[in-house]
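With the sequences and hints as input, model every part of the structure.
Heads up: the sequence lines are chains A and B, in that order. Residue 25 is where the first sequence starts when you use my numbering, and the numbers rise one by one after that. Residue 108 is where the second sequence starts when you use my numbering, and the numbers rise one by one after that.
Just so you know, the hints here were simulated from the structure itself, not pulled from any lab data. Model, not experiment: these values are computed from the prediction. Misleading hints may appear alongside valid ones.
In silico DSBU-like cross-links for lysine-lysine, where the CA-CA straight-line distance does not exceed 35 angstroms [said to hold, decoys possible]:
#1 K42(A) <-> K291(B)
#2 K291(B) <-> K27(A)
#3 K291(B) <-> K345(A)
#4 K291(B) <-> K281(A)
#5 K291(B) <-> K32(A)
#6 K118(A) <-> K291(B)
#7 K305(A) <-> K291(B)
#8 K74(A) <-> K291(B)
#9 K291(B) <-> K296(A)
#10 K402(A) <-> K155(B)
#11 K291(B) <-> K194(A)
#12 K113(B) <-> K194(A)
#13 K113(B) <-> K42(A)
#14 K345(A) <-> K155(B)
#15 K363(A) <-> K155(B)
Take a look at the letters that make up each chain.
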Amino acid sequence: MAKTLYEKIWNAHIVEQKDDGTCLIFIDRHLTHEVTSPQAFESLRMAGRKVRRPDLTLAVPDHNLPTTPRVDADGHRLPIEDAQSAAQLAALEKNVADFGIPYFDATAPEQGIVHVVGPEQGFSLPGATIVCGDSHTAAHGGLGALAFGIGSSETEHVLATQTLMLRQSKSMEVRVEGDLGPGVTAKDLILHIIGTIGTAGGTGHVIEYRGKVFEEMSIEARLTVCNMSIEAGARAGLIAPDETTFAYIKGRPMAPKGADWEAAVVYWRTLKTDDGAVFDKSVVIDASEIEPTVTWGTSPEDTVAIGGVVPHPESFADRSKQEAARASLEYMGLEPGQKIDSIEVQNIFIGSCTNSRIEDLRAAAEVLKGRKVHPNIKWGIIVPGSGLVKMQAEAEGLDKIFTEAGLEWREPGCSACLGMNPDKVPPGERSASTSNRNFVGRQGPGARTHLVSPAMAAAAAVTGRLADVRELVDEPA
Amino acid sequence: MEALSKVEGRAIPFGRKNIDTDVIIPGHWLKTITREGLGAGAFEALRKDPENIFDSEAFSGSPILIAGDNFGCGSSREHAAWALLDLGIRAVIAPSFSDIFSGNAFKNGILTVAVPQDVIDRLMEVAQTDPISIDLETQTVTTPFQDRFTFELDEFRRHCLLNGLDEVGLTLMRDEQIAGYESKMANDRPWMAHGNGIAA
Ligand code: SF4
Chain A
25 MAKTLYEKIW NAHIVEQKDD GTCLIFIDRH LTHEVTSPQA FESLRMAGRK
75 VRRPDLTLAV PDHNLPTTPR VDADGHRLPI EDAQSAAQLA ALEKNVADFG
125 IPYFDATAPE QGIVHVVGPE QGFSLPGATI VCGDSHTAAH GGLGALAFGI
175 GSSETEHVLA TQTLMLRQSK SMEVRVEGDL GPGVTAKDLI LHIIGTIGTA
225 GGTGHVIEYR GKVFEEMSIE ARLTVCNMSI EAGARAGLIA PDETTFAYIK
275 GRPMAPKGAD WEAAVVYWRT LKTDDGAVFD KSVVIDASEI EPTVTWGTSP
325 EDTVAIGGVV PHPESFADRS KQEAARASLE YMGLEPGQKI DSIEVQNIFI
375 GSCTNSRIED LRAAAEVLKG RKVHPNIKWG IIVPGSGLVK MQAEAEGLDK
425 IFTEAGLEWR EPGCSACLGM NPDKVPPGER SASTSNRNFV GRQGPGARTH
475 LVSPAMAAAA AVTGRLADVR ELVDEPA
Chain B
108 MEALSKVEGR AIPFGRKNID TDVIIPGHWL KTITREGLGA GAFEALRKDP
158 ENIFDSEAFS GSPILIAGDN FGCGSSREHA AWALLDLGIR AVIAPSFSDI
208 FSGNAFKNGI LTVAVPQDVI DRLMEVAQTD PISIDLETQT VTTPFQDRFT
258 FELDEFRRHC LLNGLDEVGL TLMRDEQIAG YESKMANDRP WMAHGNGIAA
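Right, here's the structure in full:
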């Protein structure tokens with residue numbers, strides 16, 4: 025029978041199926057970081073349990089780590105000021121040592137955000153089941169993997185058994201037809217998709233993104249799209265692997281080599297949805313309609329084109345959505361009908377697992393080159409996704425462009441994406457942020473977040489407001 | 108995990124839709140390395156309002172929370188379940204839950220009860236003045252006014268909750284099956300079995 029890509033990967037990982045349909049699913053790759061793992065390791069220790077497959081787990085600190093320099097002039101590691109953060113990091117270091125798990129420490133060039141590190145190292149592969157205690161694990165679906173976020177108890181389950189007890193999700197197709205216009209990026213596309221299907225539109229489903237747009241996308245852009253699947257409620261999002269995928273993976277440190285590589289590619293070529301396979305749900309989107317897109321509210325579904333206006337709460341059909349919109353507008357300090365490109369911003373954040381890879385930084389640099397940040401901007405940081413991205417950017421001179429424009433160039437980590445480390449947006453101030461969540465208080469208590477693409481964040485930096493990047497760059501990427 | 112068959116008592120008529128886990132427990136509470144004490148940070152921003160429902164005389168310490176659609180969306184942080192538990196909540200009733208949250212809740216012995224919006228509306232009304240009862244054996248929600256609503260629950264989860272079974276312990280008993288899968292994988296997809304290439 026014709027199968028979807030998701031069904032193929034699911035079926036290949038069933039260890040056992042119970043009568044009620046619950047399956048024991050083998051997990052090929054597990055990523056872990058300092059914030060959601062301590063309780064899992066604690067439980068293992070208390071129960072006297074071992075890690076079954078330390079070779080299938082990779083640990084790296086990212087969420088909590090300050091993005092200020094980590095070593096002094098002599099190369100000595102600098103202490104972390106916040107005692108709780110320091111304790112959490114120390115706990116991870118002890119846990120990986122005790123359980124024999126490979127680890128990139130805070131000062132390693134390979135350190136970075138888990139979802140940037142996995143693909144970059146060749147640890148994340150097509151057709152694999154990949155989990156991590158972070159909901160944006162869906163990102164790895166950009167390589168054609170079945171990747172999803174888990175909680176701490178599930179982390180413990182994976183560490184102890186290398187499996188998870190799961191029920192198969194429904195399948196959903198998001199088919200995008202036509203081409204994206206100039207200056208419209210993967211981020212604009214995924215924001216538009218979430219705005220169309222809603223934050224609960226994908227609940228209980230795994231999304232497969234289909235269409236020429238995705239086939240023509242770079243892997244980095246595909247990672248951006250799949251990353252935000254969770255914001256549409258989906259457990260995971262994936263894109264069928266193709267020659268672009270194989271070329272991206274080849275030669276990466278943990279990628280298969282030699283005969284393994286040859287065999288892997290043969291298998292990976294079979295990983296696509298068969299003609300005639302049926303999805304439980306299908307949504308079709310016209311790419312040519314999409315403009316650079318931003319969010320106006322406190323849910324990622326609150327999207328609007330840059331040329332648009334803040335919506336009236338009454339414009340929503342659903343009563344509870346009307347109430348939510350009113351609350352959002354109050355929190356965001358916006359008036360219905362206000363022009364989006366008149367909204368002034370004070371903070372810029374370019375980073376997060378959604379948009380901190382080299383292409384994202386290049387896109388921002390293209391806009392910032394030879395320009396200065398607007399006087400409205402009080403704080404602006406660029407946080408590369410990993411130490412390797414940072415080195416690459418510096419080799420290309422991008423860091424100079426950023427600092428000359430008046431933005432700060434930081435060490436890799438999650439940073440202002442979740443406001444856990446000292447990088448926060450002050451109460452009542454606005455940020456143009458390339459991260460993935462505009463929730464109340466996400467970037468700091470009272471912070472007002474507008475989600476944007478890297479090029480749009482750069483445009484906001486130089487104009488001091490949300491602005492259409494197409495007016496700043498002749499031929500945007 | 109404690110066995111659970113019934114949750115009875117006052118229910119907090121919260122009712123809001125799309126409550127994300129950042130609202131349930133904000134990011135700065137995630138620096139902890141234990142599960143305890145997170146109740147103090149539960150719904151922190153909402154509880155800054157002195158009139159908030161969670162700290163009101165009628166509802167503080169209630170074992171049931173009634174919420175709107177898509178409860179627990181957003182971040183995968185299990186801290187959200189720990190925070191609710193620490194607040195005394197053993198069951199959440201809502202029209203729908205995020206997938207990750209309902210898994211996390213279940214693993215901590217919190218029952219998630221999905222019922223249609225009209226049932227929520229009725230329960231919100233009852234909760235203002237009277238207690239609600241949830242029975243896991245019969246899969247029903249009842250009120251002192253003879254309301255009786257049934258709900259669906261995954262059979263495996265129901266069994267684990269009723270018997271207080273630990274999922275990790277259950278799976279560890281399947282060692283032979285897992286080992287069988289591993290050797291098959293090493294043969295069929297050897298490149299997968301090599302992992303990170305660092306550990307043995
Ligand atoms: S950058 Fe943000 S979304 Fe991504 S892993 Fe870090 S905290 Fe999670």
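A quick look at each hint next to the structure:
1. With a CA separation close to 20 angstroms, the supplied pair K42(A) and K291(B) stays within the 35 angstroms bound.
2. Proximity of K291(B) to K27(A) is assessed by CA-CA distance (about 22 angstroms); at most 35 angstroms being required, the pair is judged to hold.
3. For the suggested pair K291(B) and K345(A), the alpha carbons sit about 50 angstroms apart, so the restraint of at most 35 angstroms is broken.
4. Under the criterion of a C-alpha separation no larger than 35 angstroms, the hint pairing K291(B) with K281(A) is consistent with the structure, at around 20 angstroms.
5. Distance check on the hinted pair: K291(B) and K32(A) sit about 17 angstroms apart at the alpha-carbon level, within 35 angstroms; holds.
6. In summary, the hint linking K118(A) to K291(B) is supported, as the alpha carbons are separated by about 33 angstroms, within the 35 angstroms threshold.
7. A distance of roughly 33 angstroms separates the Cα atoms of K305(A) and K291(B); the hinted pair therefore holds under the 35 angstroms criterion.
8. Simply put, K74(A) and K291(B) have alpha-carbon atoms about 22 angstroms apart, close enough for the 35 angstroms limit, and the pair holds.
9. Between K291(B) and K296(A) the CA atoms are separated by roughly 22 angstroms; this keeps the pair inside 35 angstroms, and the hint holds.
10. Distance hint between K402(A) and K155(B) is fulfilled; the C-alpha atoms sit about 28 angstroms from each other, no more than 35 angstroms.
11. Restraint check for K291(B) and K194(A): the C-alpha separation of about 27 angstroms stays at or below 35 angstroms, so the hint holds.
12. A C-alpha spacing of about 31 angstroms is found between K113(B) and K194(A), which places the hinted pair at or below 35 angstroms, so the restraint holds.
13. Taking the CA atoms of K113(B) and K42(A), the gap is near 26 angstroms; set against the 35 angstroms cutoff, the hint holds.
14. Only pairs whose Cα atoms come within 35 angstroms are accepted, and K345(A) paired with K155(B) is accepted, the gap being roughly 24 angstroms.
15. Distance hint between K363(A) and K155(B) is fulfilled; the C-alpha atoms sit about 32 angstroms from each other, no more than 35 angstroms.
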